[in-house]
Amino acid sequence: NAGVMQNPRHLVRRRGQEARLRCSPMKGHSHVYWYRQLPEEGLKFMVYLQKENIIDESGMPKERFSAEFPKEGPSILRIQQVVRGDSAAYFCASSPRDPSRGASEQFFGPGTRLTVL
Amino acid sequence: GDSVTQMEGPVTLSEEAFLTINCTYTATGYPSLFWYVQYPGEGLQLLLKATKADDKGSNKGFEATYRKETTSFHLEKGSVQVSDSAVYFCATGGSGGSNYKLTFGKGTLLTVNP
Numbered sequence: 001n002a003g004v005m006q007n008p009r010h011l012v013r014r015r016g017q018e019a020r021l022r023c024s025p026m027k028g029h030s031h032v033y034w035y036r037q038l039p040e041e042g043l044k045f046m047v048y049l050q051k052e053n054i055i056d057e058s059g060m061p062k063e064r065f066s067a068e069f070p071k072e073g074p075s076i077l078r079i080q081q082v083v084r085g086d087s088a089a090y091f092c093a094s095s096p097r098d099p100s101r102g103a104s105e106q107f108f109g110p111g112t113r114l115t116v117l
Numbered sequence: 001g002d003s004v005t006q007m008e009g010p011v012t013l014s015e016e017a018f019l020t021i022n023c024t025y026t027a028t029g030y031p032s033l034f035w036y037v038q039y040p041g042e043g044l045q046l047l048l049k050a051t052k053a054d055d056k057g058s059n060k061g062f063e064a065t066y067r068k069e070t071t072s073f074h075l076e077k078g079s080v081q082v083s084d085s086a087v088y089f090c091a092t093g094g095s096g097g098s099n100y101k102l103t104f105g106k107g108t109l110l111t112v113n114p
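So the sequence lines, in the order shown, correspond to chains A and B.
Residues in the first sequence are numbered from 1 upward in steps of one, following our numbering.
Residues in the second sequence are numbered from 1 upward in steps of one, following our numbering.
Hints listed in this document are in silico derivations from the structure and should not be mistaken for laboratory results.
One or more of the hints may lead you astray.
With a straight-line cut-off of 27 Å between C-alpha atoms, the simulated DSSO-like cross-links for lysine-lysine are [unchecked claim]:
| hint | chain 1 | residue 1 | chain 2 | residue 2 |
| --- | --- | --- | --- | --- |
| 1 | B | K77 | B | K49 |
| 2 | A | K44 | A | K62 |
| 3 | A | K27 | B | K49 |
| 4 | B | K68 | A | K44 |
| 5 | B | K106 | B | K60 |
| 6 | B | K56 | A | K27 |
| 7 | B | K106 | A | K62 |
| 8 | B | K68 | A | K27 |
| 9 | B | K106 | B | K68 |
| 10 | A | K71 | A | K27 |
| 11 | B | K106 | B | K52 |
| 12 | A | K51 | A | K71 |
| 13 | B | K106 | B | K56 |
| 14 | B | K52 | B | K77 |
| 15 | A | K44 | B | K52 |
| 16 | A | K27 | A | K62 |
| 17 | B | K68 | B | K52 |
| 18 | B | K77 | B | K106 |
| 19 | B | K49 | A | K44 |
| 20 | B | K60 | B | K77 |
| 21 | B | K77 | B | K56 |
| 22 | B | K56 | A | K44 |
| 23 | A | K62 | A | K51 |
| 24 | A | K27 | A | K51 |
Across the chosen pairs, the derived CB separations fall in these ranges [said to hold, decoys possible]:
| hint | chain 1 | residue 1 | chain 2 | residue 2 | range |
| --- | --- | --- | --- | --- | --- |
| 25 | A | K62 | B | E42 | 31 to 39 Å |
| 26 | B | S79 | A | M5 | 31 to 39 Å |
| 27 | A | T115 | B | G9 | 17 to 25 Å |
| 28 | A | E52 | B | G78 | 43 to 51 Å |
| 29 | A | R97 | B | T28 | 22 to 30 Å |
| 30 | A | Q81 | B | Q81 | 32 to 40 Å |
| 31 | B | A17 | A | Q80 | 26 to 34 Å |
| 32 | A | K27 | B | S3 | 29 to 37 Å |
| 33 | A | R84 | B | R67 | 38 to 46 Å |
| 34 | A | G16 | B | G78 | 51 to 59 Å |
| 35 | B | S85 | A | R113 | 14 to 22 Å |
One side only, chain B facing chain A, incomplete, derived with CB under 7 Å [as the list claims (entries may be wrong)]:
| hint | residue |
| --- | --- |
| 36 | L44 |
| 37 | L46 |
| 38 | K101 |
| 39 | G105 |
| 40 | K106 |
Note that beta-carbon positions come from the ideal geometry of N, C-alpha and C, so glycine has one too.
Let's have the full structure, built from the sequences with the hints guiding it.
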């Protein structure tokens with residue numbers, strides 16, 4: 001049973017470039033969450049997606065960040081024109097059922113460590 | 001918004017020592033409470049959880065009790081092993097309709113020496 005997959009595990013970008021982070025949820029999971037961990041901080045919620053829908057993006061910076069979870073393929077977190085402050089670990093999690101039916105365990109991937117030079 | 005404060009590390013113990021990692025939270029409503037563990041190079045794994053006041057979550061010898069009166073969820077283990085070395089995160093789940101929105105503490109690095 002493959003867990004949540006994230007790639008790449010490490011990503012280095014120069015200021016102004018784009019970063020694309022990928023997340024494949026566990027088999028059978030249709031709910032995906034992205035979290036960011038800045039240095040010396042806890043993980044912070046960014047966005048919650050279901051297939052082809054953004055449910056809650058209240059934790060996403062208003063500019064340069066976007067997320068999608070298409071009908072086919074992995075979820076993508078995209079950061080345009082990266083700046084040094086975007087350097088962080090980005091974690092993806094998935095869950096099997098609609099959280100409105102009760103809190104469901106979130107299964108986390110190993111994270112992508114983004115470094116912006 | 002919700003917040004979680006947990007004991008700062010690193011924590012270094014000898015094998016078979018008693019472990020406590022303190023965690024307190026602020027939240028509206030009645031959130032679920034979680035402890036996650038992250039082993040080197042891996043994703044976070046749910047260690048235990050409690051969904052209402054006075055619930056005790058337990059797993060692999062670890063325990064934590066949901067204390068509403070002190071807004072705490074301290075993690076304990078009576079006898080740690082070298083294999084328990086990891087980073088431990090305390091977290092709250094949002095209340096009501098946003099119960100998917102986990103709020104994490106900064107994490108506590110535990111090292112257990114033989």
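Quick rundown of the hints versus the structure:
no. : hint                         : verdict
1   : B:K77 <-> B:K49              : holds (15 Å)
2   : A:K44 <-> A:K62              : holds (15 Å)
3   : A:K27 <-> B:K49              : holds (23 Å)
4   : B:K68 <-> A:K44              : holds (23 Å)
5   : B:K106 <-> B:K60             : holds (22 Å)
6   : B:K56 <-> A:K27              : violated (30 Å)
7   : B:K106 <-> A:K62             : holds (24 Å)
8   : B:K68 <-> A:K27              : violated (36 Å)
9   : B:K106 <-> B:K68             : holds (21 Å)
10  : A:K71 <-> A:K27              : holds (14 Å)
11  : B:K106 <-> B:K52             : holds (23 Å)
12  : A:K51 <-> A:K71              : holds (6 Å)
13  : B:K106 <-> B:K56             : holds (22 Å)
14  : B:K52 <-> B:K77              : holds (21 Å)
15  : A:K44 <-> B:K52              : holds (23 Å)
16  : A:K27 <-> A:K62              : violated (31 Å)
17  : B:K68 <-> B:K52              : holds (8 Å)
18  : B:K77 <-> B:K106             : holds (20 Å)
19  : B:K49 <-> A:K44              : holds (19 Å)
20  : B:K60 <-> B:K77              : holds (9 Å)
21  : B:K77 <-> B:K56              : holds (13 Å)
22  : B:K56 <-> A:K44              : holds (25 Å)
23  : A:K62 <-> A:K51              : holds (22 Å)
24  : A:K27 <-> A:K51              : holds (13 Å)
25  : A:K62 <-> B:E42: 31 to 39 Å  : holds (32 Å)
26  : B:S79 <-> A:M5: 31 to 39 Å   : holds (35 Å)
27  : A:T115 <-> B:G9: 17 to 25 Å  : holds (23 Å)
28  : A:E52 <-> B:G78: 43 to 51 Å  : holds (48 Å)
29  : A:R97 <-> B:T28: 22 to 30 Å  : holds (24 Å)
30  : A:Q81 <-> B:Q81: 32 to 40 Å  : violated (47 Å)
31  : B:A17 <-> A:Q80: 26 to 34 Å  : violated (49 Å)
32  : A:K27 <-> B:S3: 29 to 37 Å   : holds (34 Å)
33  : A:R84 <-> B:R67: 38 to 46 Å  : holds (41 Å)
34  : A:G16 <-> B:G78: 51 to 59 Å  : holds (53 Å)
35  : B:S85 <-> A:R113: 14 to 22 Å : holds (20 Å)
36  : L44                          : holds (4 Å)
37  : L46                          : holds (5 Å)
38  : K101                         : holds (5 Å)
39  : G105                         : holds (5 Å)
40  : K106                         : holds (5 Å)
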